[in-house]
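**Student:** Single-letter residue listing:
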Amino acid sequence: MQPLIELAGLGVRFGARDILKDLRVSLSGRTIGLLGPNGAGKSTLIQALLGFCPLSAGTASIFGHDIRREQRRIRTLVGYMPENDSFIANMTAVSFIRMMAELSGLPSEAALERAHEVLFYVGLGEARYRTLGTYSLGMKQLAKLAQAIAHGPRLLILDEPTNGLDPPARLRMIRLIREMKDSGEMHLVLCSHLLRDVEETCEEVLILKQGRIVHYSNLEEERRANRRFVELETYGNDSGFAEALTTLGCECAVAGAGRLKMVLPVGFELREIYRLAAERDLQLRRMNYRRDTLEDIFLKAMEV
Amino acid sequence: MAVYKRTYKGYAGALTAAWSRFLILPRYSYARLFQSKFLIMFLMACFFYPLGCAGFIYLSHNLSFLKTFNIQAGRLLDIDARFFVAFCTVQGALAYLLTALVGPSLVSPDLANNALPLYFCRPFSRAEYVAGKMSVLLFLLSLITWIPGLILFVIQASLAGWEWTTANLWIAGSIFVGLAVWIMVLSLIALAMSAWVKWKIAAGALIMGVFFAGAGFGAAINAVMRTKSGTLIDLTQVIATVWSKLFRFDPTTGISVTDAWISLGVTCAICLWLLARRVRAFEVVK
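Line by line, the protein sequences are chains A and B.
Residues 1 to 304 in the working numbering are what the first sequence spells out, letter by letter.
Residues 1 to 286 in the working numbering are what the second sequence spells out, letter by letter.
Watch out, some of these pointers could steer you wrong.
[As the list claims (entries may be wrong)] Partial selection, computed: residues in chain A whose CB lies under 8 angstroms from chain B:
#, residue
1, 52
2, 56
3, 75
4, 102
Everything labelled a hint here was simulated from the structure, so no lab data went into it.
Quick reminder that beta carbons are idealized off the backbone N, C-alpha and C, glycines included.
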């Protein structure tokens with residue numbers, strides 16, 4: 001499968017400072033989360049992919065198109081929602097979106113139709129003839145999203161899409177992102193500080209720190225793998241319980257009084273645990289899959 | 001809006017030619033600009049002088065009119081290079097005022113609202129952006145400068161006959177080149193100033209200031225240094241020198257025509273450099 005984004009030793013330097021250093025990764029998920037602390041280089045990576053800043057080393061490709069040589073082609077395929085306020089204050093939303101769609105190559109009439117459609121889609125249908133300067137922060141975010149999808153891009157890059165949104169507006173934005181992902185018509189790159197947003201929407205995560213990739217993970221695979229890790233909390237005499245589980249192929253570790261952590265073998269049936277506990281008259285107070293949250297992954301990556 | 005259209009759908013229709021996309025910007029700019037009644041009135045006022053000139057040309061060839069008022073044909077102003085220089089001077093000044101009115105609203109609103117990343121994340125280059133914004137001014141300024149100038153020339157040629165036309169055809173070229181250079185310089189200065197100042201009023205003042213400050217500093221340099229080189233930063237004198245050469249007069253500004261062309265070239269180069277520095281998708285904060 002052709003990778004969506006491939007970074008091949010990508011480097012960006014501003015003055016004497018390396019902002020991005022030797023980034024190498026191949027991303028092919030439908031939704032990719034870009035994480036990292038402030039100043040990690042997330043926005044610079046997006047800008048480099050869009051050809052906004054010159055590369056000091058390496059290159060990258062989007063849908064197989066080299067960002068050094070095929071910028072125009074890439075920009076036809078990409079929609080970008082910037083982090084900061086970006087609009088023209090004294091234009092109505094519909095003419096603003098129409099102009100942006102026309103600049104992306106849509107004929108005038110098609111651009112007007114798309115402008116109406118996307119404004120309704122993001123929930124600004126009733127406010128589409130208002131000037132953008134009169135919009136609230138949440139509405140401006142939605143207008144930015146509308147301009148990014150007006151031309152029907154194959155890749156949508158969202159830089160902090162839920163910035164400054166109240167909880168209902170955030171939920172609405174997340175819902176829209178999920179809908180677009182599920183439509184199957186576009187890939188998404190989501191850059192956010194909010195781990196929850198990324199966790200709720202992304203399949204792959206790239207974590208940057210000081211301009212380097214410190215972690216890459218496929219969240220879907222991790223979620224599947226996590227189902228083999230189980231934490232148990234028991235009450236009663238648990239002597240010999242861990243040994244009995246070990247004989248069934250589990251790797252067990254005692255994590256305190258009445259607490260067990262174990263890795264289940266492939267094909268292991270959970271009812272075996274209940275059976276062993278019943279044989280020993282042992283109460284199972286809690287049993288859960290020990291799932292690495294994105295926060296765990298992120299914090300581990302930051303320790304590197 | 002139909003319900004089925006409220007779900008996300010991609011676009012699979014035809015695309016416009018890439019070369020034509022810079023023309024989108026003037027369309028939207030005019031829509032915004034012509035919301036101002038003052039601008040429309042000013043634009044209309046800019047046509048009064050060309051209309052007066054057209055009337056004058058017509059009357060100067062109208063023998064019955066001359067007889068009615070007992071005027072000898074030779075006593076009226078000749079329609080020659082001087083007539084057209086006067087036209088260029090008046091319309092050139094109006095073009096300058098129009099530039100100060102229109103220029104500030106071109107780039108500065110995009111900078112103030114951080115809209116440039118939205119332009120440049122599309123298949124739309126910085127050069128196309130500058131060309132699009134510049135064409136807003138170039139078309140408006142052309143409308144009040146060389147286009148009526150050439151129309152006046154055609155009127156005069158049609159009334160004066162073939163002999164006058166062949167002898168004075170170079171005037172048409174001079175009108176076009178002289179005014180085209182002037183509006184090009186004005187447009188570049190307006191764009192550069194608009195790109196460097198986010199506040200529209202300040203940008204307008206700066207566009208005016210470039211000419212007044214140039215004239216003032218030029219005069220000061222001339223007075224202090226006892227030279228004529230200061231005139232090179234006075235763009236009105238510089239363009240007057242260029243026009244003198246184009247309309248085959250001796251320049252009275254004290255600078256050579258070559259120096260004047262170099263001065264205009266340097267001005268344009270500085271403006272382009274300023275634009276290249278400012279018209280970017282992002283800023284590096286040092």
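**Student:** Hint check: is the beta carbon of residue 56 (chain A) less than 8 angstroms from a beta carbon of chain B?
**Tutor:** Cβ of residue 56 (chain A) sits 13 angstroms from chain B, so the hint is violated.
**Student:** Taking the closest Cβ pair, is residue 75 (chain A) under 8 angstroms from chain B?
**Tutor:** It holds, given that the least Cβ distance between residue 75 (chain A) and chain B is near 5 angstroms, below 8 angstroms.
**Student:** Can the hint on residue 102 (chain A) be confirmed by a CB-to-CB distance to chain B that is less than 8 angstroms?
**Tutor:** Holds, because the Cβ-Cβ distance from residue 102 (chain A) to chain B comes to roughly 5 angstroms (cut-off 8 angstroms).
**Student:** Hold the hint about residue 52 (chain A) up to the distance rule: shortest CB distance to chain B must be less than 8 angstroms.
**Tutor:** It holds, given that the least Cβ distance between residue 52 (chain A) and chain B is near 4 angstroms, below 8 angstroms.
The earlier numbered hint that this structure contradicts is number 2, and it is the only one.
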